[in-house]
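Novice: The primary structure of each chain is shown beneath.
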Amino acid sequence: MKSDELCYLTIAKASELIRERSLSPVELTQAYLDRIELLNPKLRSFITVSADIALAQAHQAGEEIAQRKYRGPLHGIPLSYKDLIETAEIRTTANSRVYADYLPEKNANVVTRLREAGAVTLGKANLCEFAFSDTSEDDLFKEARNPWNQQYQAGLSSNGSAVGVAAGLAAASIATDSGGSIRIPASYCGVTGLKPSYGLVGRTGVIPLSYSLDHVGTIARTVEDTALLLEVIAGYDSGDLASSRQAIPHYNKLLTGEIRGMRLGICPQYMQEVGVEDRVWVAFQHALDEFRSLGMAISEIELPSFSYGPAADFTILRIEGFQVHFRNLKQHREKYGVSAFHEIAVGGLLSASDYLRAQQARTLLADELSRALQGINVLLMPSTPASASGGTYHLKPPLEQKVAKDEISYLAPFDLTGTPALSICCGFTPEGLPIGLQLIGRGFDEVTILRIAQRYQEVTDFHRRQPPLESNASAIASSPRG
Amino acid sequence: MMRREFLGLLSAFGVAARASEPQSCILRGELDLPADISADLVRFSQFPLKQADWLKELPLDGIPLCFRYTPK
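Here the protein sequences come in this chain order: A and B.
Residue 1 is where the first sequence starts when you use my numbering, and the numbers rise one by one after that.
Residue 1001 is where the second sequence starts when you use my numbering, and the numbers rise one by one after that.
Please note that the accuracy of each hint is not assured.
Calculated lysine to aspartate or glutamate pairs in the EDC-like style (CA-CA distance at most 16 Å, straight line) [unchecked claim]:
{"hint": "1", "chain 1": "A", "residue 1": "13", "chain 2": "A", "residue 2": "27"}
{"hint": "2", "chain 1": "A", "residue 1": "2", "chain 2": "A", "residue 2": "34"}
{"hint": "3", "chain 1": "B", "residue 1": "1072", "chain 2": "A", "residue 2": "27"}
{"hint": "4", "chain 1": "B", "residue 1": "1072", "chain 2": "A", "residue 2": "34"}
{"hint": "5", "chain 1": "A", "residue 1": "330", "chain 2": "B", "residue 2": "1061"}
{"hint": "6", "chain 1": "A", "residue 1": "2", "chain 2": "A", "residue 2": "27"}
{"hint": "7", "chain 1": "B", "residue 1": "1072", "chain 2": "A", "residue 2": "367"}
Keep in mind the hints are simulated off the structure, nothing from the lab.
Predicted, not measured: the structure shown is a model, and the values here were computed from it.
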């Protein structure tokens, strides 16, 4: 198998080959490292590549498998981590000068779980500063670019994670979402991004944005790979006060259950309020047709308070973020980029009553969604109102516009409600940019959204398409050595 | 910046109503921002403050203040 083909294997397929010893973890890891060397200078997916550590871990995995100590489907699978997830012996910068030389002593809970499952750490994925800012000229590391067209944005904030998975630079990535930060880049890069239920995945060792909104989740190529990852990272974390003690189902085994007869909901009222680009609307309608042909019924619901969701999310995010950063803002203000400083420090201008009002709004939204989900199994929305746009970030809605018609509008409400939300690719624009579809489920019912999305990926091929990038083979052929 | 200067700055950007609120004072006093940075921040803050203000339109009477975020 060619090196490029190895880099686009799904986790499910790669693990099958590794288990039967037709593929070694070292061969797979080296293929990713070669491709990172080739493409990372252009795409900026990784802030830090931990090649030596990755190869050592891959060797260890290979030896264990040879000794019949196979740990499971992630054994020998190379992953990346958003660079605010702490990794022992690998610097964790949060793309900020404040943490430029930070070398954590311990792995984050989620890294520990994946290492115990045998996964290989390729390195640390790019993000905007503290996952908080728009990108700005003075960022420590410049933003990742969209692999489908480098003139376009890759999406805030887990952009390095999504770019890497889409470009074949990692089998999957672990990222975070507090207002859409997994699902925006997943949508713009055409990959599968899961924000699990609040509390399902422990956050110990993750540099926080916002205590009550932060979720750790996955970016992968397929729903099946997402299920394999979730099965390992979900579960109680004693270091996280919000961690749930829910029993963890066998997500992967439950993917193939019956979906015929399930009811899907759409919310035309909210879509009208937020707005949606024509071509995203068309792709959304095609997806609805696909679900109907799979035997599911579509019904309309109303979520009248959701217009206030983005405002409530950002109010809580900024106030909690200000508290998280207060000491550093005071001691190291000069180390913050302009954008991150503004986004975080503005939390100090918001009041206690703003915060409490936003938390009340959150309760209102959660109750509204809970009632709506009693009559349907899953809610469908576009992931973002439009596909990725060009240039760098300067998107801000007009000052007087009440409903934020921006890229978080379909996503942030579900960080507030804590319900699981998955973004999958449901089409491409005429320019070849991916379009995202979002499935939202009941609290802790990841199984249903994964099952429905899995059926969708079985009958469509959007998730299998690869961005037009230079191949490992062509680079070798054109090099002086080639 | 001194408190009076900061209040003037907030007022100039139409956010005077918030100047007496405790967090504004914390930001002004404890972060000890130079005037130019404070001006930038207050200018930037207009949209976030508007967003927070829109929440006042929601009928929140009787909605409990719940700090348990586990989804239903």
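Novice: Of all the hints numbered above, which does this structure not satisfy? Sort the numbers upward.
Specialist: 3, 4, 5
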